[in-house]
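Using the sequences and the accompanying hints, generate a full structural model.
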Amino acid sequence: MDSPLFITLKTSFAATVITFFLGIFFAYAVINLKRFKGLADAVLTLPMILPPTVVGFFLLLIFGKRGVVGKFLLQFDVSLVFTWQAAVISAVVVSLPLMYRTTRGAFEQLDRNIIDAARTLGVSESKIFWRIMLPNARFGILAGTILTFTRATGEFGATMMFAGNIPGQTQTMSTAIYAAVQANDYDLAFLYTILLVSCSIIFIIFISSAKLIAGK
Amino acid sequence: MNLDVRIKKILRDFTLNVEFSVRDEVFAFLGASGAGKSMTLKIIAGIETPDEGRIILNGRTLFDSAKKINLPPQARRVGYLFQNCALFPNMTVAENISFAASGTASEKILKLKKNLSRFKLEGLENSYPHELSGGQVQRVALARILASHAQLLLLDEPFSALDSHLKWQLELELAEVFKIYGVTILVSHDRDEVFRLADKVAVINVGKIEAFGSKHEIFRQPPTVAAALLTGCQNISAAKKIADDKIFAEDWQLTLTVKKIPDDLKFIGIRACDLKQTSAAGENIFLLKVSRVIEDTNSFIVLFENHIHAEVDKSLNSTFPIPNSSLYICLPADKIILLRG
Chain Z
0 MDSPLFITLK
10 TSFAATVITF
20 FLGIFFAYAV
30 INLKRFKGLA
40 DAVLTLPMIL
50 PPTVVGFFLL
60 LIFGKRGVVG
70 KFLLQFDVSL
80 VFTWQAAVIS
90 AVVVSLPLMY
100 RTTRGAFEQL
110 DRNIIDAART
120 LGVSESKIFW
130 RIMLPNARFG
140 ILAGTILTFT
150 RATGEFGATM
160 MFAGNIPGQT
170 QTMSTAIYAA
180 VQANDYDLAF
190 LYTILLVSCS
200 IIFIIFISSA
210 KLIAGK
Chain A
0 MNLDVRIKKI
10 LRDFTLNVEF
20 SVRDEVFAFL
30 GASGAGKSMT
40 LKIIAGIETP
50 DEGRIILNGR
60 TLFDSAKKIN
70 LPPQARRVGY
80 LFQNCALFPN
90 MTVAENISFA
100 ASGTASEKIL
110 KLKKNLSRFK
120 LEGLENSYPH
130 ELSGGQVQRV
140 ALARILASHA
150 QLLLLDEPFS
160 ALDSHLKWQL
170 ELELAEVFKI
180 YGVTILVSHD
190 RDEVFRLADK
200 VAVINVGKIE
210 AFGSKHEIFR
220 QPPTVAAALL
230 TGCQNISAAK
240 KIADDKIFAE
250 DWQLTLTVKK
260 IPDDLKFIGI
270 RACDLKQTSA
280 AGENIFLLKV
290 SRVIEDTNSF
300 IVLFENHIHA
310 EVDKSLNSTF
320 PIPNSSLYIC
330 LPADKIILLR
340 G
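First to last, the protein sequences are chains Z and A. By numbering that gives the first Met the number 0, the letter at position 92 of the first sequence is numbered 91, and the numbering carries on one by one without gaps. By numbering that gives the first Met the number 0, the letter at position 216 of the second sequence is numbered 215, and the numbering carries on one by one without gaps.
Because the hints were derived from the structure by calculation, they are not lab data. These figures come from a predicted structure and were not determined experimentally. Wrong hints could be hidden among the right ones.
Covered stretches of chain A (in silico footprint by chain Z; criterion: 3 or more residues with CB under 8 Å from a CB of chain Z, positions within the stretch not fixed) [as the list claims (entries may be wrong)]:
#1 40-48
#2 84-93
Here are the computed distance ranges between Cβ atoms for each label pair [as the list claims (entries may be wrong)]:
#3 A:Thr48 / Z:Gln108: 16 to 26 Å
#4 A:His215 / Z:Phe35: 31 to 41 Å
#5 Z:Arg137 / A:Asp189: 45 to 55 Å
All C-beta atoms in this analysis are idealised placements derived from N, C-alpha and C, irrespective of residue type, glycine included.
Structure, rendered in structure tokens:
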């Protein structure tokens, strides 16, 4: 049986890795859109605006037995509802807007002339992305990653709805604190709270030192 | 080496509509800021797309709206020196130069060495752009273009960010770079810079080429008010032809005698340095009252009450003109610029 701390770390790290790539991908894709830019932006930002329980409810509908994705996965005997993977999906969906928006902002703040100069010099678009855009947007990407991780560790509403609160399987620190308070076990709630706060502080220190090294 | 350009693009404030050809020469666009100079360069480089037109470089069609050809900037082989140089901030000087260099690895090393020495950048290979001075940044940007496969060089206000003493040094170096490229296009609002560097000049005003020709021709006889102003003629007056050889300059309140006056004359101009002080009255000589005198580095700028101003060389005139005094000033007929609009 896994402890809430382990489940929280496992889901947050998995979610952060997925969101990191998805966020950068969507940020790059949206700035290069010629049409429907506003629509794409609205769809990607929506999970940040909606109440997390509503996001969780939508995820239940999509991944449930009658949902579009749920039905498809059932053919392979896979059901995601109330699993730790569902907790990862919830965390990804709610943290993606943060990663996407921060990265997009960092891309848009790059000096356009630098990218145009690379183009006139004959540098391919993919090389421009990997060698110029990513390295010069690294602080924004780092900031997005920090926000993503903190949002993922604190994720509660959507996780409750979609992954449930099954001790040892899907119970994260946030949901465990809620359960402990419900059971009037304030000592346990306090312990988890301290653990969660410590986790966040350690992560921030780790990221800031990485930022110092990256920034030289 | 030749370049043929005919482009049209509707912009927010005006329509850019330019057509010109350049053959083995340094060609300069002289225009005020926002006249469409930079936009023209960006369209040639492929950074901006025109609404219609055709761009042909050395027989290669870069853009043709009728044939639906629009090469990406990567395939155009047009080197563009940006106003701010746009070095890659995450790369060292050596990496900036080699990053887009064409050829095999050993050719790239050779090109790097050649360009480092050509632009006196030895010892700075491992520096980052933020550690360089303005002049060094500019030289790295030029070296980077020379190491690429560019066939044409476009310079967008190359000296605007430099101190005047650095400007001079870079200008000398640029003149050398121009010899490598058959065709170079320079964009500037600085008439002296244009005169020193270019062979041919086009004056561009609100999206249109108003004057086009050799620099001597354009600077001697600018055809329009905008061209006159941009080539440094600051005295401009609305004018009317009142007789076969007489013009009345409305803003100056003077009647001038000039030969071969076109009927549709609207303005006349004269350069401040072409006004001469004389001792007695005569043709085109007027007694003008001095309203202000400004001492410049090498000359006195004398403002008269009728809004004309003259530039008097300090070495020729040891006496300082006194405000409120009156001077005999000659506007030589051969120096008067006749403008149709």
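Consistency of the hints with the structure:
1. 40-48: Holds, because 4 residues of the region 40-48 of chain A bring their Cβ atoms closer than 8 Å to Cβ atoms of chain Z.
2. 84-93: holds (count 5)
3. A:Thr48 / Z:Gln108: 16 to 26 Å: About 24 Å separates the Cβ atoms of A:Thr48 and Z:Gln108, which means 16 to 26 Å holds.
4. A:His215 / Z:Phe35: 31 to 41 Å: violated (54 Å)
5. Z:Arg137 / A:Asp189: 45 to 55 Å: violated (38 Å)
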